[in-house]
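Given these sequences and hints, build the entire structure.
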Amino acid sequence: MDEDKKFVQEYEIRGWDFTRAGEASCEIKNLLKDIGVPQDIIRRVAIAAYEAEMNVVMYAQKGKMRCQIDPERIKIVLEDEGPGIDNIERAMRDGFSTATPEMREMGFGAGMGLPNMKRNSDKFYIVSDVGRGTKLEMLFEL
Amino acid sequence: MQEQRHSIRFIEEKCIGCVTCLRACPTKAIRVINGKARVSYEKCIDCGECFRVCPHDAIASETTSYTDLEKFECTIALPSPVLYSQFGHDILPNQILLALKKIGFDYVFDEAWDCELTTDALQEYLDVTEGPFPKISLTCPVVVRLIATLYPNLIKNLVKLDVPRESAAKKFRQKAAASRGISSEKIGVVHLTPCPAKIISINHPVGTDKSHLDGAIAISDIYGRLLEALKDLEEDVILQLSSGVGIAWSISGGEIMGIRQENCLAVSGVQDVIQVLNDVEAGKMNDILFLELLICPDGCIGGSLTVENRHQARRKVRRLIKMFGEHTRVSREMVLRLYKEGYFDLQKEILPTPLKPLDLDRAKAIKKAKQREEILKRLPGKNCSACGAPDCRTLAEDVVLGQAAIDDCVFLSLKKINNTT
Numbered sequence: 001m002d003e004d005k006k007f008v009q010e011y012e013i014r015g016w017d018f019t020r021a022g023e024a025s026c027e028i029k030n031l032l033k034d035i036g037v038p039q040d041i042i043r044r045v046a047i048a049a050y051e052a053e054m055n056v057v058m059y060a061q062k063g064k065m066r067c068q069i070d071p072e073r074i075k076i077v078l079e080d081e082g083p084g085i086d087n088i089e090r091a092m093r094d095g096f097s098t099a100t101p102e103m104r105e106m107g108f109g110a111g112m113g114l115p116n117m118k119r120n121s122d123k124f125y126i127v128s129d130v131g132r133g134t135k136l137e138m139l140f141e142l
Numbered sequence: 143m144q145e146q147r148h149s150i151r152f153i154e155e156k157c158i159g160c161v162t163c164l165r166a167c168p169t170k171a172i173r174v175i176n177g178k179a180r181v182s183y184e185k186c187i188d189c190g191e192c193f194r195v196c197p198h199d200a201i202a203s204e205t206t207s208y209t210d211l212e213k214f215e216c217t218i219a220l221p222s223p224v225l226y227s228q229f230g231h232d233i234l235p236n237q238i239l240l241a242l243k244k245i246g247f248d249y250v251f252d253e254a255w256d257c258e259l260t261t262d263a264l265q266e267y268l269d270v271t272e273g274p275f276p277k278i279s280l281t282c283p284v285v286v287r288l289i290a291t292l293y294p295n296l297i298k299n300l301v302k303l304d305v306p307r308e309s310a311a312k313k314f315r316q317k318a319a320a321s322r323g324i325s326s327e328k329i330g331v332v333h334l335t336p337c338p339a340k341i342i343s344i345n346h347p348v349g350t351d352k353s354h355l356d357g358a359i360a361i362s363d364i365y366g367r368l369l370e371a372l373k374d375l376e377e378d379v380i381l382q383l384s385s386g387v388g389i390a391w392s393i394s395g396g397e398i399m400g401i402r403q404e405n406c407l408a409v410s411g412v413q414d415v416i417q418v419l420n421d422v423e424a425g426k427m428n429d430i431l432f433l434e435l436l437i438c439p440d441g442c443i444g445g446s447l448t449v450e451n452r453h454q455a456r457r458k459v460r461r462l463i464k465m466f467g468e469h470t471r472v473s474r475e476m477v478l479r480l481y482k483e484g485y486f487d488l489q490k491e492i493l494p495t496p497l498k499p500l501d502l503d504r505a506k507a508i509k510k511a512k513q514r515e516e517i518l519k520r521l522p523g524k525n526c527s528a529c530g531a532p533d534c535r536t537l538a539e540d541v542v543l544g545q546a547a548i549d550d551c552v553f554l555s556l557k558k559i560n561n562t563t
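Line by line, the protein sequences are chains A and B.
Counted the way this note's numbering counts, the first sequence spans residues 1 to 142.
Counted the way this note's numbering counts, the second sequence spans residues 143 to 563.
Treat the hints with care, as some may be off.
Stretch-level coverage of chain B by chain A, calculated; a stretch enters the list once three of its residues show a Cβ under 8 Å from a Cβ in chain A [unchecked claim]:
1) 392-406
2) 505-518
No farther apart than 27 Å at their CA atoms in a straight line, the calculated lysine-lysine pairs in the BS3-like style are these [said to hold, decoys possible]:
3) A/6 <-> B/506
4) B/506 <-> A/33
5) A/75 <-> B/490
6) A/118 <-> B/298
7) B/352 <-> B/490
8) B/509 <-> A/33
9) A/5 <-> B/512
10) A/75 <-> B/509
11) A/75 <-> B/352
12) B/512 <-> A/33
13) A/135 <-> B/426
14) B/519 <-> A/33
15) B/510 <-> A/33
Reference excerpt, derived from the structure (chain A facing chain B, CB under 10 Å, subset only) [said to hold, decoys possible]:
16) 5
17) 25
18) 33
19) 36
20) 42
21) 46
22) 66
23) 69
Just so you know, the hints here were simulated from the structure itself, not pulled from any lab data.
Predicted, not measured: the structure shown is a model, and the values here were computed from it.
C-beta atoms are modelled at their ideal positions from N, C-alpha and C, and glycine is treated no differently.
Here it is, written out as structure tokens:
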């Protein structure tokens, strides 16, 4: 891909920073509106990016969300330094959650995070290293 | 004429080019160019924040004047329930309605009653509607415009019931025409409004081809006449039909007060509404059935065309709710019959009107987004607005779009001057 056609924005996410939680995915959403991405794709990216961002806020010490956009696709990459996921297959199941009661009280932890990200993206990759962190990548074709 | 599409007008002679209005604008629609404020009407959502903050009286609202009514053979007043909160403690809704008759309206109807009807219709609608959730109220025309321009994905969430002022205007125009035996164009139906945005929903309605109202008179414009008329009323008829359920529509939380479904939420104030819409768009509020969103702080009593301060007004409304009760006076059978007849139906689908992207060509838009970031890095980030744009990011965008120059930044130009001398 011609570097000139690509636009990359990176956002820092801090674990347990609930006051700023959701800001990065909101900025990505506004960027996509400025670029004229179709509304339906914006909706899917907004939901998936928000879920991904909240996972970092709730579980990891810190992370980075990168949004890369070119005329053909949007790529969202999240890398965090956190506990990792020991059984990805199980985490991908609807309803599975490791959220604490406090998190649930705040409306999180319905156990739909990862499946929701997968459902809303065209391609979804996840790798995790227990005790070190998780990396996930979501692709949205334009 | 684009100007007519909006409820506010800038008065050039009075504008001194201060940046108060553009800093208050939630959609960043205003710039100061050559010392005068200019509004980009495609971004304006008619919230009236600029009108509210202008220290120089340089922004006027385009409401209907009382004398505009002279052209009609017969006039009907539909006061927003907010009107009931604008007078002293001892003045009750029926007196205010009688005072409206006294100052010359041929018919005066209690719009709060229609709010009460709509409350019941809304209950029915929420029982039968299918997603997407949350459903969002149509009551505030600014919220509808905000969603159509900035959150077009949420158009499907809007409730498909017409607002009380419209359904009431339609009904009473027909009734008056029949009882007077004149054609309906000869009847002028006006809403007495607490905010300038209602005039837009009348002149340029969404959800219908033509509004049933002929205009909207500012509560602040008619206030003096009403005060005079209230002095010696010869009270003879009962015009107030509503209970507290209808009167409550004037405050935030009022629309949901009367409905039995519990899973509802009321939010008011422009920044709070924007934050909630962001959360809805992120899928964070799917578990809520109904959202009442009002742009003015504390609801319609916080409208910029009111007279009483909104805290006093809220106290008055709460007192009226207690006085007239929280039990609806509307018959459920009647509402169900009207509902089935389509009395509450919106006549036209509300269409999204999203803002233009940086460029219609996606590759070019991406390039411009990139340039915007590069320019933003060169700017000082002080968001001082001295350049005429509300903040550095907006200036960067204007530069990319060819609507401003980077040297408009006073800090950068100062640096340049210092470097050359």
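Discussion item. I'd like to know which numbered hints this structure contradicts. Please list them from smallest to largest.
Written reply: Result: hints 1, 5, 11 and 22 break, sorted rising.
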